[in-house]
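Starting from the given sequences, assemble the full structure and let the hints guide the process.
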Amino acid sequence: MKNFLIILSIFGFIIFYYNSVNAETIDKTEVKISKIEKHSEHNIFENPPSPYMVIPFIVLLLMISTGPLFYRHFWEHNYPKISIALGSITVIYYLFFFNDSLSLLHTLTEYISFIALLTSLFVASGGILIRVEKKSTPFLNVVILLIGAIISNLIGTTGASMLLIRPYIRINRDRIKPYHIIFFIFIVSNIGGGLTPIGDPPLFLGFLKGIEFFWVIRHVWHIWLITIFIVLSIFFIIDTVNYKKTKPTDKEYSGKIEIKGKKNFLYLLIIIISVFIDPAVLNWVPSLEPLPFGIREIIMFSVAFISYKKADKEALKGNEFDFEPIKEVAFLFVGIFATMIPALQLVAYETRMYGAKLTADIFYWGTGILSSLLDNAPTYLNFLSAAMGKFGLNIDNFQHVKEFETHDPIYLMAISVGAVFFGAMTYIGNGPNFMVKSISESSGIKLPSFFGYVVKYSVPILIPVFTLIWYLFFYGRG
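Residue numbers for the sequence shown, in numbering that gives the first Met the number 0: 0 to 477.
It should be emphasised that the hints constitute simulated quantities derived from the structure, not laboratory data.
Incorrect hints may appear among the rest.
Claimed, not checked - When the alpha-carbon atoms are kept at most 25 Å apart in a straight line, the in silico SDA-like pairs for lysine to any residue are as follows:
id, residue 1, residue 2
1, 259, 312
2, 316, 408
3, 250, 326
4, 176, 264
5, 316, 264
6, 326, 406
7, 250, 132
8, 356, 406
9, 356, 408
10, 246, 312
11, 133, 271
12, 326, 446
13, 176, 243
14, 176, 239
15, 389, 446
Laid out in structure tokens, this is it:
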């Protein structure tokens, strides 16, 4: 982890240096985010990046999917180097050939926010030990998953995933199967967080742009409820079949629920509150520009450090806590964030060029499919920008965003549902997916590879469900 911080610091210094040189030609009265968006939009529209620069992103995805399956030993020892190397190709291209250091700085800022949130939630929740002395039954598992789906809207999909994955594994230890973890990712790590801006990063970005906090829950609660019900029903059927095959035991259960490390709930609360400590949300919060992080990230990393140092040692031991899962996420996603820059910019270019022709069907499937492979937060913003462009509105104008809410809500509904729900389609569709995978595998659970996850689970289970949702709510509309 020390080497990772050194590498990240070097990249950050290089990007910051080149950005400071280029920034001399930009109006210094504009705030940083405005400079980034203005500069990026100009580059994309006038001169999009080369399509060949998508190759490092494709190579990284292929290696993430095939490495653990075909060359596990090599992958486990070299994935940090591979991720950094492929990411470096994109960084060099943008610095020395494409002359767009601002996009790199913007991505670095997003990555630091991303890893700060995941690290703080991972460490704080790791100090909470939940023991449930109940027999693993299909009904109990459904209740846990439903609770996870609900609270993911209060503490985020990452917070809910990190809080519940370990007790969920312990409850099912005697009959744990890969599908237990897969459905946990489906429901708790993704679909569950589709009701509030706290729930999932795309919705939070929409809130920062001006979407009303309760807009999503008012317009998609029925879609969320139907989807959760269907996916839980499928899980219940599969788990019931597995349960009937399990040999009965004489073990007695007290039915007690024990929680150690309760003070860490306070740390979780601080982390969630700190999400809103941003100049874009609260104008009294000072900006640390030109640094690629703010007070929010400082609070999150500080909470991570303090919560680990002050954690209940018995809780850490009971959770078999170590930093390997967050280390793996940090290294892989630094490569993913870097290499996906040209892919996202090409998407933005295409949606801006053909936004007037896009329908609710395309917004739903387009946002969904790209959110499966790219980061769902910027994908959400790109399609939101295209949808607003249909009405001659600018996503960077707060009043335009408020005006857009008064138009036919079908477009924003399609984009919101597609971005959040389809994050469950792959391990990299949403941040907590990979963390749940890493924690589960560190607990001795053998999960399918990237392609195995898609072919055996997400395509046969989720695509029919998402197709039904499309037909019921978006087909032929807009």
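Each hint tested on the structure:
1. Proposed proximity of residue 259 and residue 312 is supported: the alpha carbons are some 10 Å apart, at most 25 Å.
2. Simply put, residue 316 and residue 408 have alpha-carbon atoms about 49 Å apart, too far for the 25 Å limit, and the pair is violated.
3. Note on residue 250 and residue 326: the hinted pairing is violated, with a Cα-Cα distance of about 37 Å set against a maximum of 25 Å.
4. Between residue 176 and residue 264, the direct Cα distance comes to roughly 29 Å. Violation of the 25 Å bound is thereby established for this hinted pair.
5. Using a Cα cut-off of 25 Å, the hinted pair residue 316 and residue 264 holds, with the two alpha carbons roughly 18 Å apart.
6. For the suggested pair residue 326 and residue 406, the alpha carbons sit about 44 Å apart, so the restraint of at most 25 Å is broken.
7. The suggested pairing of residue 250 with residue 132 holds, with an alpha-carbon distance near 11 Å, which does not exceed 25 Å.
8. Distance restraint check for residue 356 and residue 406: the Cα-Cα separation of roughly 17 Å lies within the 25 Å cut-off, and the hinted pair is therefore satisfied.
9. Simply put, residue 356 and residue 408 have alpha-carbon atoms about 17 Å apart, close enough for the 25 Å limit, and the pair holds.
10. Taking the CA atoms of residue 246 and residue 312, the gap is about 35 Å. The hint is violated against a cut of 25 Å.
11. The hinted pair formed by residue 133 and residue 271 fails the criterion: a straight-line CA distance of about 30 Å is larger than 25 Å.
12. Distance restraint check for residue 326 and residue 446: the Cα-Cα separation of roughly 19 Å lies within the 25 Å cut-off, and the hinted pair is therefore satisfied.
13. Of the pairs offered as hints, the one joining residue 176 and residue 243 holds, with about 14 Å between alpha carbons and a cut-off of 25 Å not exceeded.
14. Simply put, residue 176 and residue 239 have alpha-carbon atoms about 13 Å apart, close enough for the 25 Å limit, and the pair holds.
15. Under the criterion of a C-alpha separation no larger than 25 Å, the hint pairing residue 389 with residue 446 is inconsistent with the structure, at around 43 Å.
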